[in-house]
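Letter by letter, the chains look like this.
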Amino acid sequence: MKWLSDDKLNRLRMIVSEPDFSSTKYTFQKELGRGGMGTVYLCEDRELNRLVAVKVLNTPDITDDLRGRMIREAQIIAGLEHPGIVPVHDVGTLSDGRIFYAMKFVRGLRLDEYAAQGASLRDRLRKFQAVCDAVAFAHAHGVIHRDLKPQNIMIGSFGEVLVLDWGVAKTQSSFQQSISTNPRQSVANQTEDGTVIGTRDYMSPEQARGEIDRIDQRADVFSLGAVLRFLLADKATKPAKAICLKAMGEAPESRYTSATELSADIGRLLDAEPVLAYRENAVERVSRWVGKNRFLVLLVLAYLLMRIFLIFTSRT
Amino acid sequence: MSKPLIGVILGAVLGAIDGLTAWFTPAVRDQLGGIVVGSTIKGIIAGIAIGFFAKKFHSLPIGILFGVIVGAILAFLVALMQGGYYLEIVLPGTLVGLIVGFATQKYGTSPSPANS
Chain A
1 MKWLSDDKLN RLRMIVSEPD FSSTKYTFQK ELGRGGMGTV YLCEDRELNR
51 LVAVKVLNTP DITDDLRGRM IREAQIIAGL EHPGIVPVHD VGTLSDGRIF
101 YAMKFVRGLR LDEYAAQGAS LRDRLRKFQA VCDAVAFAHA HGVIHRDLKP
151 QNIMIGSFGE VLVLDWGVAK TQSSFQQSIS TNPRQSVANQ TEDGTVIGTR
201 DYMSPEQARG EIDRIDQRAD VFSLGAVLRF LLADKATKPA KAICLKAMGE
251 APESRYTSAT ELSADIGRLL DAEPVLAYRE NAVERVSRWV GKNRFLVLLV
301 LAYLLMRIFL IFTSRT
Chain B
317 MSKPLIGVIL GAVLGAIDGL TAWFTPAVRD QLGGIVVGST IKGIIAGIAI
367 GFFAKKFHSL PIGILFGVIV GAILAFLVAL MQGGYYLEIV LPGTLVGLIV
417 GFATQKYGTS PSPANS
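In order, the protein sequence lines correspond to chains A and B.
Residues 1 to 316 in the working numbering are what the first sequence lists, from first letter to last.
Residues 317 to 432 in the working numbering are what the second sequence lists, from first letter to last.
Note that these hints are calculated values from the structure, not bench results.
Note that CB positions come from ideal geometry on N, CA and C, so glycine has one too.
One should not assume that every hint holds.
As the list claims (entries may be wrong) - Some chain A residues near chain B, calculated using beta-carbon distances under 8 angstroms:
id	residue
1	Leu299
2	Val300
3	Arg307
4	Leu310
Generate the whole structure from the sequences, applying the supplied hints.
Here it is as structure tokens:
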């Protein structure tokens with residue numbers, strides 16, 4: 001009897017677990033990532049001759065609920081046409097009955113990888129603002145992401161910021177109606193009260209307690225605050241820390257009311273303007289002004305020094 | 317705040333400071349009031365010219381250069397009228413022009429171009 005090597009065994013395992021794309025226009029390339037509900041594969045679109053990311057349900061035992069969730073996820077993303085939200089190209093069914101959807105393949109880095117590469121604080125905050133803008137757009141369309149974290153944010157090769165993984169997103173009724181006319185797919189938000197959804201370090205207290213009904217856009221604001229805390233690491237100034245704390249307030253009422261408001265405060269921080277979350281004292285106000293107008297202050301100082309020099313030379 | 321207004325305010329303040337420093341020159345101390353008024357007016361004129369230039373032309377180096385030239389010319393004219401103290405008058409006047417040139421380019425609002 002001949003034993004198979006580990007490499008061969010692993011290869012066989014991979015082939016067995018590969019979804020069968022033969023009935024579609026996609027050719028399997030490799031696995032990109034695995035989540036609770038689905039796995040994302042890199043595939044080649046043979047018709048358009050381009051790479052796409054294809055998300056396929058993990059389990060072949062398809063229930064109507066799972067099917068509905070997957071289609072709903074694709075519809076949510078497709079309904080959010082924004083440069084910061086990865087676009088969906090196609091939705092379909094594999095030969096084994098599993099639902100899949102194809103989306104843009106984003107070449108780039110995850111936000112945590114981007115931060116690890118030593119991006120400056122200013123660049124990180126600019127990227128964070130772009131995340132806020134995409135999330136604010138989703139909120140304006142009645143969609144709450146519920147799983148915002150650095151691993152679900154990509155920085156593309158052109159510097160663009162894309163929010164991914166809308167698999168556990170919660171939709172408000174008006175948007176729910178607009179994305180699906182099939183009552184079987186319109187199961188309201190698909191999550192029962194008491195179910196904990198999200199990632200522990202990034203989820204709001206109400207989300208961690210499984211209070212699904214209390215989750216609104218301020219839960220995403222909390223998660224954005226946690227992402228900001230991650231991005232700031234040890235580089236946080238007092239106003240930046242205050243923004244984090246306000247975004248991550250225990251009670252939803254104590255947080256920023258929207259991602260737009262949070263983004264605006266980050267904008268003020270970047271422009272060396274006073275931020276809503278932090279009341280600065282007179283010394284801090286002056287030092288911020290001096291920091292913002294460094295060159296003008298240097299010019300005036302040079303002028304005064306020159307004046308003093310002229311006074312002394314004219315005396316002698 | 318508009319760019320010409322920034323120019324006027326900064327020109328007036330720096331011009332007044334410029335004039336006040338005459339107090340350290342005992343020979344002209346008794347004419348201090350006139351010097352301060354004259355210097356402030358000179359600063360205001362420079363500020364208006366540099367501010368309107370900044371409103372029309374958005375370029376930091378050119379704005380600074382224009383400020384330096386205006387400041388130097390006005391200061392030189394004052395020194396000519398005084399018949400002396402060229403270094404003491406032209407050097408600070410030039411630097412005031414530089415500061416106002418920088419500030420009017422960097423700060424203040426310009427009217428946005430109207431839609432045609």
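The hints, checked one at a time:
Evaluation of the leucine 299 of chain A hint against chain B yields a held restraint, the C-beta minimum of about 5 angstroms falling below 8 angstroms. The criterion of a C-beta within 8 angstroms of any C-beta in chain B is met by valine 300 of chain A, whose closest approach is roughly 6 angstroms, and the hint holds. For the restraint placing arginine 307 of chain A at the interface with chain B, the shortest Cβ-Cβ distance is roughly 5 angstroms, inside the 8 angstroms limit, so the hint holds. The beta carbon of leucine 310 of chain A comes within 5 angstroms of a beta carbon in chain B, closer than 8 angstroms, and the hint placing it at the interface holds.
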